[in-house]
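Undergrad: So the protein lines, in turn, are chains X and B. First residue of the first sequence? That's 0 in numbering that gives the first Met the number 0, and the numbers climb one at a time after it. First residue of the second sequence? That's 0 in numbering that gives the first Met the number 0, and the numbers climb one at a time after it.
Careful: at least some of the hints might be erroneous.
Said to hold, decoys possible - Here's a subset of chain B near chain X, in silico, CB distances under 10 angstroms, partners left out:
(1) K45
(2) E147
(3) L260
(4) E420
(5) S424
(6) D429
(7) Q430
(8) Y433
(9) N435
(10) Q436
(11) G438
(12) T441
(13) A444
(14) L447
(15) F452
Derived from the structure by calculation, the hints contain no laboratory data. Glycine included, every Cβ here is placed at the ideal spot set by N, Cα and C.
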Amino acid sequence: MLKIENLHASVEDKNILKGINLEVKPGEVHAIMGPNGSGKSTLSSVIAGKEEYEVTDGKIYFEGEDIEELAAEERAHKGIFLSFQYPVEIPGVSVTNFIKTAINESRKAKGLEDMPAKDMLKLIREKSEMLEIDRKFLSRSLNEGFSGGEKKRNEIFQMAMLEPKLAILDETDSGLDIDALRIVANGVNKLKSKDNAVVVITHYQRLLDYIVPDFVHVLHNGRIVKSGGKELAHELEEKGYDWIKEEANA
Amino acid sequence: MSKYTEDDLREELKTKEYEYGFYTDLKSDTFPIGLNEDIVRAISKKKNEPQWMTDWRLDAFRAWEQMIEPEWANVHYKKPDFQAIAYYSAPTSVDPNKTLDDVDPDLLAMYKKLGISVDEQKKMNNIAMDIVVDSVSVATTFKKTLGEKGIIFMSISEAIQEHPELVKKYLGTVVPQKDNFYAALNSAVFSDGSFCYIPKGVKCPMELSTYFRINQAGTGQFERTLVIADEGSYVSYLEGCTAPSRDENQLHAAVVELIALDDAEIKYSTVQNWFPGNAEGKGGVYNFVTKRGLCEKNAKISWTQVETGSAVTWKYPSCILKGDNSVGEFYSIAVTNNYQQADTGTKMIHLGKNTKSTIISKGISAGKSQNSYRGLVQINSRAENARNFSQCDSLLMGNECGAHTFPYIEAKNKTAKIEHEATTSKIGEDQIFYCNQRGIDTEKAIALIVNGFSKEVLNKLPMEFAVEAQKLLEISLEGSVG
Numbered sequence: 000m001l002k003i004e005n006l007h008a009s010v011e012d013k014n015i016l017k018g019i020n021l022e023v024k025p026g027e028v029h030a031i032m033g034p035n036g037s038g039k040s041t042l043s044s045v046i047a048g049k050e051e052y053e054v055t056d057g058k059i060y061f062e063g064e065d066i067e068e069l070a071a072e073e074r075a076h077k078g079i080f081l082s083f084q085y086p087v088e089i090p091g092v093s094v095t096n097f098i099k100t101a102i103n104e105s106r107k108a109k110g111l112e113d114m115p116a117k118d119m120l121k122l123i124r125e126k127s128e129m130l131e132i133d134r135k136f137l138s139r140s141l142n143e144g145f146s147g148g149e150k151k152r153n154e155i156f157q158m159a160m161l162e163p164k165l166a167i168l169d170e171t172d173s174g175l176d177i178d179a180l181r182i183v184a185n186g187v188n189k190l191k192s193k194d195n196a197v198v199v200i201t202h203y204q205r206l207l208d209y210i211v212p213d214f215v216h217v218l219h220n221g222r223i224v225k226s227g228g229k230e231l232a233h234e235l236e237e238k239g240y241d242w243i244k245e246e247a248n249a
Numbered sequence: 000m001s002k003y004t005e006d007d008l009r010e011e012l013k014t015k016e017y018e019y020g021f022y023t024d025l026k027s028d029t030f031p032i033g034l035n036e037d038i039v040r041a042i043s044k045k046k047n048e049p050q051w052m053t054d055w056r057l058d059a060f061r062a063w064e065q066m067i068e069p070e071w072a073n074v075h076y077k078k079p080d081f082q083a084i085a086y087y088s089a090p091t092s093v094d095p096n097k098t099l100d101d102v103d104p105d106l107l108a109m110y111k112k113l114g115i116s117v118d119e120q121k122k123m124n125n126i127a128m129d130i131v132v133d134s135v136s137v138a139t140t141f142k143k144t145l146g147e148k149g150i151i152f153m154s155i156s157e158a159i160q161e162h163p164e165l166v167k168k169y170l171g172t173v174v175p176q177k178d179n180f181y182a183a184l185n186s187a188v189f190s191d192g193s194f195c196y197i198p199k200g201v202k203c204p205m206e207l208s209t210y211f212r213i214n215q216a217g218t219g220q221f222e223r224t225l226v227i228a229d230e231g232s233y234v235s236y237l238e239g240c241t242a243p244s245r246d247e248n249q250l251h252a253a254v255v256e257l258i259a260l261d262d263a264e265i266k267y268s269t270v271q272n273w274f275p276g277n278a279e280g281k282g283g284v285y286n287f288v289t290k291r292g293l294c295e296k297n298a299k300i301s302w303t304q305v306e307t308g309s310a311v312t313w314k315y316p317s318c319i320l321k322g323d324n325s326v327g328e329f330y331s332i333a334v335t336n337n338y339q340q341a342d343t344g345t346k347m348i349h350l351g352k353n354t355k356s357t358i359i360s361k362g363i364s365a366g367k368s369q370n371s372y373r374g375l376v377q378i379n380s381r382a383e384n385a386r387n388f389s390q391c392d393s394l395l396m397g398n399e400c401g402a403h404t405f406p407y408i409e410a411k412n413k414t415a416k417i418e419h420e421a422t423t424s425k426i427g428e429d430q431i432f433y434c435n436q437r438g439i440d441t442e443k444a445i446a447l448i449v450n451g452f453s454k455e456v457l458n459k460l461p462m463e464f465a466v467e468a469q470k471l472l473e474i475s476l477e478g479s480v481g
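One chain only, chain X, in its complex shape (with noise of 0.2 angstroms):
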C-alpha cells in the first residue's frame, strides 16, 4: 500500500529525513518510535504532502502510484489521513460542518454527488457513538476550547467518517488521559480491517498496549535504525534510547 524507498527530505534548507525505506501492507500495523527530533512527525507531514517540507531525494508511492506530484487535498482523495499531533481550530465552524465538507469535497472528486443529508446524519451518530462522542460535541467549533483528549477524539471520529486506507496516527497518545486513550485505541482497532493499515508515531510505548503493532520502527536522525516485532517496543521502554542512538552511531 505505502512504499518509500530512500527518501530524503528538508525543511527550510535543513535536512531531516535522510534516506528512510518503509514498506507497509495492507491489514497492518506499524509503529514507528524514536527520541524527539528524530524526524517522525516530518515523516508524516511528508507522506501527507506539507508543502514547506521538500522531498530531495527518494520516492514514496501508495498503492503503486507515486505521489510526490500530487496536493495534499489529492492525497487525502485517495485515502491517506493524518490524526494531527496539534490539531487546529477552526472558530465558527463546527465539527458536523467541517466533516460535511470534507467528506463532500473527497466525493466531488471522485465525481460523485454530495452525500444526502440523511445518509450524512446516519454516519455522524454512528460514529460517534462508537467513539462516545457526546453529540452537543458536534456542533461547537472545531477544536476550539477542547481538551486534549477532546481534540485527539475528534481526529479520530475524522478518521472514522472518512474511512481512510491509510491512517498515520501523529502522537495520538500524547495529552490523553488513560480513559481517552483507551476510548481512542479501541476506536483504530474497530475500524482497522485486512484492507486498511496504520501507521502509529509514538514516543511512548503505552498507546502499544492498545494498539498492537505487527512492526516497531526506530527512527533516528532522519533514518530507521532498528526495525523489529512488538517486543522491540518493550525493549525500547525498558531501556531508553541512547542504546540505539550508540548502536546507530557505532
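With chain X held as given, fit chain B onto it using these hints.
TA: For chain B alone, coordinates are given in the frame of chain X:
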C-alpha cells in the same frame, strides 16, 4: 509536490474579472458636468419638485460650499473633482408613469445580467424591489400588494409628489442637510432613492429591497433613502449595489435615514459590491455614505452590512437611541482585497434610559488593503442604565495588508455598562494544511475559515441574502492567502 500553488491562485485572482463590470448602452439624459445653484435648480425642476424641496436643496448646497472634505478617516485617495462630475443621468426610456411592461428591453437585459429578474422576483420571492440606475428609480415591484396594507414603497421622487407631507416631516430629521460634507452634497443633488412608510401596527409581510447600480460614466450616484416605521410596525429592508468596471473613480454619496417610532422595529441589511478597482488599485467606486437611524421609545434598529466592494469606503451606519428602552444593533463584515481601503463602523448614541446597543464587527483584510473599524459609543448624562457590547474581530491574510481598530467611548453617566472585546487573527498555513489533509482544497478552505469567522454576522442576514453574501465573500477573497 503541489502543482497548483498559492502563487497560481494569486495570479488567477488578479485576472479574475469583477463579475458585474459590464456597461449597458442605454440612451440616457445626462446633465453637463459641474455643480452650481443652477444645476441644483435644474435637478429639482427635472423632477418637477415643489418649491419647498428646491429651497431645501439650495440650503444644503450653500452649506456644502462652505464645508471642507473630511480627512480624519484612515484612507488615502485622490479627492474627487466635484466640478468634473455629472450630477444627473437617467436612462431616457424610463417613463415617469412607468409600468414594468414599458421598461426598455436593454434595461431588462441588464437586470438579467445582474441576476435580477424583475418578473421572476414578482412571482417567486417574497421581496418587493425598487431598482435605481444612475440617478433614477426604474422599477418598483409589488406596489399593489403592499398598498393593501397601507405600506408605501416607492422612489423618493414619487414620494415627494404623492406624499409630500411625510417627506417634508421626516426628510433631514436624522441626517440634517449640514450634517457632514457628503451628506450636504447629497442633500443638494440627490436624484432618487427609495421611500418607505409602514403604518402603525403593520408588520410588513415581505422584505423590501432596493438595488442600486451606477451605469453611466462620469456620473456620481447620490441616492437618498428614507424609511419610516410608524408606531408598533416592523420592516426588513435590503439593499444591494453594483457598478461597471471603469478606470476612473466613481463617486457614490448616499444618505439613508431610518425613523423607528415607538415600539417599531427596522432591520436594514446591505450587501455592497460596488466595483472595487482592479488588481493594481485603478478605478473603483468611492463609497462615502451617511446612514443613520433614530429610535423612539422601545424601538429597535438593526444594521447588518456585508461590504466587499468599493475602492474607498467611508461609512458608519449609526443609531440614535433617543427613546427609553430602545435598542441599536450593528453587525458588519467588511472585506478588503488588493488596494481597497475601508474605514467603517458605527455610532451608538445613547440618550434614553435603559438603552442597549450591540456592535459586532468582522474585518477581513487581504492583498495590500487597509481595513479600519471606527466606532463611537456615547452615553449621554441622562441615559441611566445604558448598556453596550462591542466586539471587533480582524482576520488578516498575507503580510501586506492592515487591520486597524479605533473605538471611541464617551460615557457621561456612571450607571453605564460598556464592554469592548477585540481580536486579531491570521489565516495560518497550518489551518490550510489541516483542511487540505482532510481533502478540502485551499480555495474551499479559505471560504470555510472566512465563513466561520463571519458566522455571527451572516446569521443576521435574511436567508436569500445570506447565501449571496457567502458567495460574495468567497469571490472577493479567492486566492488571497499568502
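Undergrad: A separate judgement is required for each hint: does it hold in the structure or not?
TA: Each hint, compared with the structure:
Annotation: B:K45 was flagged as interfacial toward chain X, and the flag is violated, the nearest CB pair being 49 angstroms apart, outside 10 angstroms. Taking 10 angstroms as the C-beta contact cut-off toward chain X, the hint placing B:E147 at the interface is violated, the least distance being around 39 angstroms. A distance limit of 10 angstroms between C-beta atoms decides the matter here; for B:L260 the minimum to chain X is near 36 angstroms, and the interface restraint is violated. Interface restraint check: B:E420 against chain X, minimum CB-CB distance 13 angstroms, threshold 10 angstroms, status violated.
Hint status for B:S424 relative to chain X: holds, with the closest Cβ pair at about 8 angstroms, below 10 angstroms. The interface hint given for B:D429 holds, since its Cβ lies 5 angstroms from the closest Cβ of chain X, which is under the 10 angstroms cut-off. Proximity of B:Q430 to chain X holds as hinted, the smallest CB-CB distance being about 5 angstroms (cut-off 10 angstroms). For B:Y433, the interface hint holds, since its Cβ comes within 10 angstroms of a Cβ in chain X; the closest pair sits about 5 angstroms apart.
Annotation: B:N435 was flagged as interfacial toward chain X, and the flag holds, the nearest CB pair being 4 angstroms apart, inside 10 angstroms. Against a cut-off of 10 angstroms between C-beta atoms, the interface hint on B:Q436 holds, since the closest Cβ of chain X lies about 5 angstroms away. Hint on B:G438 holds. Least Cβ distance to chain X is approximately 4 angstroms, under the 10 angstroms limit. Satisfaction of the interface hint for B:T441 is found here, the shortest Cβ-Cβ separation to chain X being roughly 8 angstroms, below the 10 angstroms cut-off.
Given hint, B:A444 at the interface with chain X, holds; its Cβ is 9 angstroms from that chain's nearest Cβ, closer than 10 angstroms. With its C-beta approaching chain X no nearer than about 6 angstroms, B:L447 sits inside the 10 angstroms limit, and its interface hint holds. Checking B:F452 against chain X by beta carbon gives a least distance of about 6 angstroms; that is within 10 angstroms, so the hint holds.
In summary, the structure is inconsistent with hints 1, 2, 3, 4 from the numbered list given earlier, while agreeing with the others.
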